[in-house]
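There are 2 protein chains.
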Amino acid sequence: MFRNRMPRYEILSEDAMATLDGGWRRLVTEIGVEFMSDRALDLFRAAGQRVEDNTVFLDPDFLLEQVAKAPREFDVQARNPERSVHIGGDAMAFSGVYGPPFVREGAVRRDATMDDFRNFTRLAQSYDVLDSAGGVICEPNDAPLDSRHLDMTLALATLTDKLFMGNVVSGPNARDVIEMTSILFGEGKGREHGRASIEETPATISLVNCNSPLRWDDRMLDALFEYSAANQAVVLTPFLLMGAMSPVTVPAALVQQIAEALSGIALSQLIRPGSPAIFGSFLSNIDMQSGSPMFGTPESGVGLLCTGQVARHFGLPFRSGGTLTSSQVPDAQAGYEALMTMLPTFLAGANWVMHSAGWLEGGLVSCYEKFVMDVELVQMLQHEFTPLEIDEASLAFGAHEEVGHGGHFLGAMHTMERFRTCFYRPFLSSSENFERWTRNGGKDTAARATEVYRQRLQDYEAPPLDEAILEELQEFVVRRRAELGD
Amino acid sequence: MFRNRMPRYEILSEDAMATLDGGWRRLVTEIGVEFMSDRALDLFRAAGQRVEDNTVFLDPDFLLEQVAKAPREFDVQARNPERSVHIGGDAMAFSGVYGPPFVREGAVRRDATMDDFRNFTRLAQSYDVLDSAGGVICEPNDAPLDSRHLDMTLALATLTDKLFMGNVVSGPNARDVIEMTSILFGEGKGREHGRASIEETPATISLVNCNSPLRWDDRMLDALFEYSAANQAVVLTPFLLMGAMSPVTVPAALVQQIAEALSGIALSQLIRPGSPAIFGSFLSNIDMQSGSPMFGTPESGVGLLCTGQVARHFGLPFRSGGTLTSSQVPDAQAGYEALMTMLPTFLAGANWVMHSAGWLEGGLVSCYEKFVMDVELVQMLQHEFTPLEIDEASLAFGAHEEVGHGGHFLGAMHTMERFRTCFYRPFLSSSENFERWTRNGGKDTAARATEVYRQRLQDYEAPPLDEAILEELQEFVVRRRAELGD
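Line by line, the protein sequences are chains A and B. When we follow the UniProt record's numbering, the leftmost residue of the first sequence carries the number 1, and every step to the right adds one. When we follow the UniProt record's numbering, the leftmost residue of the second sequence carries the number 1, and every step to the right adds one.
Just so you know, these hints were derived from the structure itself, not from any lab. A few of these clues could be false.
[What the hints assert, rightly or not] Away from chain A, derived, C-beta distances all over 12 angstroms, residues of chain B:
no. : residue
1   : E10
2   : A78
3   : L145
4   : R195
5   : M242
6   : E392
7   : S394
8   : A449
9   : E471
[To be verified] Covered stretches of chain B (chain A as the covering partner; in silico rule of three or more C-beta atoms under 8 angstroms from a C-beta of chain A):
no. : region
10  : 293–304
11  : 358–364
12  : 405–419
13  : 433–445
Just so it is clear, CB atoms sit at the ideal spot from N, CA and C, and this is done for glycine as well.
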């Protein structure tokens, strides 16, 4: 997996950090955080926090004590051990887009289906640069509503051998995911063995969003209870579109983000001390004229840089970034907005990067073409954020002796020794000259991306899976679907 | 003008810098630098440097002594004093694309004309974010070859009131530019007054490229002699496509870049001590399979970050960056490659940013649509690289008291007070929802850009210019064209 050994780009002064610290402390103390769950309220009450109705008024130092129980870094296992990842430190793990109800391929935009879900999962499996397909890589609208989490989990578990994200629609859904993951990690010794294995080292990461501002809803909290109790990793994510779910200033958004994330993480530690939790960030802004969400904005870039610094301040791994865009099609705007978020993602050293590939149209669309564009971007950036080796050999003095003034280095020994690997080699970007590009059909990036993803799907090979485990998973899905009445 | 008050992102350790220092010292001492100009060789010889044929073997400490004579920062005046710029320190000045022989508008790619040149110049004038149209914003192939520098300079001097770049095709061309600039700055007191004014504070910046590796050609050096003698700013730019004009490793390219830039700057100081000079960088790589130049690559991004650090190491303002791309059309690749260079340009704090708008197809094409896309990018980045104000008011505690848990901030007082200016407002990027976007024609970014630039040209207003000065400029052009036999 990728380790970002380049420096972090930090823009908050100590004074600024102190001001932010004062801000979130006041917020949790005086405004408090709402938890729409009696179990959560009971835990906070039992821990000595003041509770009124659904609002918990939190002692900031109590929050920090709880947060300190969460591991600074941890491993998440994939069923193929070579795909297991580390979360935290200089490690960066990348997963696909999450949540879109629609799909775009070429000029067609339509409802997403389970076939799309499987195709995106296959694409994610086929690119090494992605550590996970993610979770709801698109919302399969043709699958039965109450049991589609089973279909999605089955696809993620069988079509990839990478880690996957757990369903968070409800507590029972989360239990199903944990059961299926236990089956998957049974190693022929049964579900209990698998359960022990994933409780030892988590095998899923699940996204628990805050209903910002300052409210955690019941169903997501029910899922949190399941995952944290089973020692599965959770991402506690304030969902902040400045102007709507938070004030319009970045410092206010940061303060609110800290209050929300820490309160959620504290709950995870009350549920199970030491369970893995990730400081989540989903921070952008709305268009103040139309109210539309906007992505790839300067404000979101700045927020991302600050978020990394804030998360390190609290000693927590953090989730942020992606290849977000508001654009309706995979065009120039989609390209620059994606990088407008993804480059700061690397500068900030985000540890768990959701929405790394496929995001389009403000997150409403999973786009096949955008998926492969984004893979190219992530690969480029991983290359860029690999430190230079600077030694005598890299200075190539001998090449200058060989080439002399005004010559060229194409045939120099130093070049011949290194030409295969010296530069990042794109698979999608084109530097063909105009004549050759025209002869080859004059295809723009989106048109080339169509060809790339189709070929990629044709070449896809499913990772091997024990037949008995596959059957047990399938039986589980059938039984649970019947129980759910779908 | 824009001041980049954000931190610099520096990736070279002290050890790395020491290794690079050793590298360029060895290069100038043992390989030396070729100057295809007897005047240049005479100056170096007279200053005690060893000269063999056209090669000057340079004492590194002598080089540094000369370089130390160049100002660390300086002003460049525009005929509209409000458009004057500062070069160096935290100041960043932006100019248009430079050099392309072709133009693209929409689906049409064709030879550039003088009309195109004027149109791009008008566009550059109309966007405040650009400090200069640049110089050869496209190569006007319908203008007579030997005198087209007069047409270009006249257009730059009259259609904009911003600073412009000088022609560098030959010494006589440079003299013509200096004459015309002297006329322009005459303020009704004549050409001599103007000459004194621009010699006091330079009014042009001119690009002197190295014929890399390690060779300075005669015609560009002739231009350098003219500009430096007149105290006009020059950019000494190694032209490095790794794999062709430099070795394939970034450290080798950096070392060569230092050797070339410092040797050119030293010459400028031998011509006129204290004359303004800029450390130039044009650093990318070729595709090792096809030999095509590639832009917006990870290697060029890394090189750019290092270049900023290197230039500061020598106490020099530097030129680098832009919105470079290899893409043949203003598509997704053009978008992400442009930002792949322009974001590091801000991280490195480049002082003079050429190719800020309009570059397409590896610099062979000036593209109207790309021009306005790039303006949007530069505006976004200027917004992003403006430090946050972090104080109590920005934390918006009152807004939380007003809104409460799970509410929204659209109508909050804090929002109402700030909604007009709180976020960057794009003029090209779209966040319209799909239905509205479809109703409005379903136009991608390039199609919207066509509308933007056409409207912009319609709305263009020429900046006021004294009639007598205009006539004197026109007479100068007519007379010189006749003398040149065009």
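Hint-by-hint comparison with the structure:
no. : hint    : result
1   : E10     : violated, 7 angstroms
2   : A78     : holds, 27 angstroms
3   : L145    : holds, 23 angstroms
4   : R195    : holds, 36 angstroms
5   : M242    : violated, 7 angstroms
6   : E392    : violated, 8 angstroms
7   : S394    : violated, 4 angstroms
8   : A449    : violated, 8 angstroms
9   : E471    : holds, 42 angstroms
10  : 293–304 : holds (count 9)
11  : 358–364 : holds (count 3)
12  : 405–419 : holds (count 11)
13  : 433–445 : holds (count 6)
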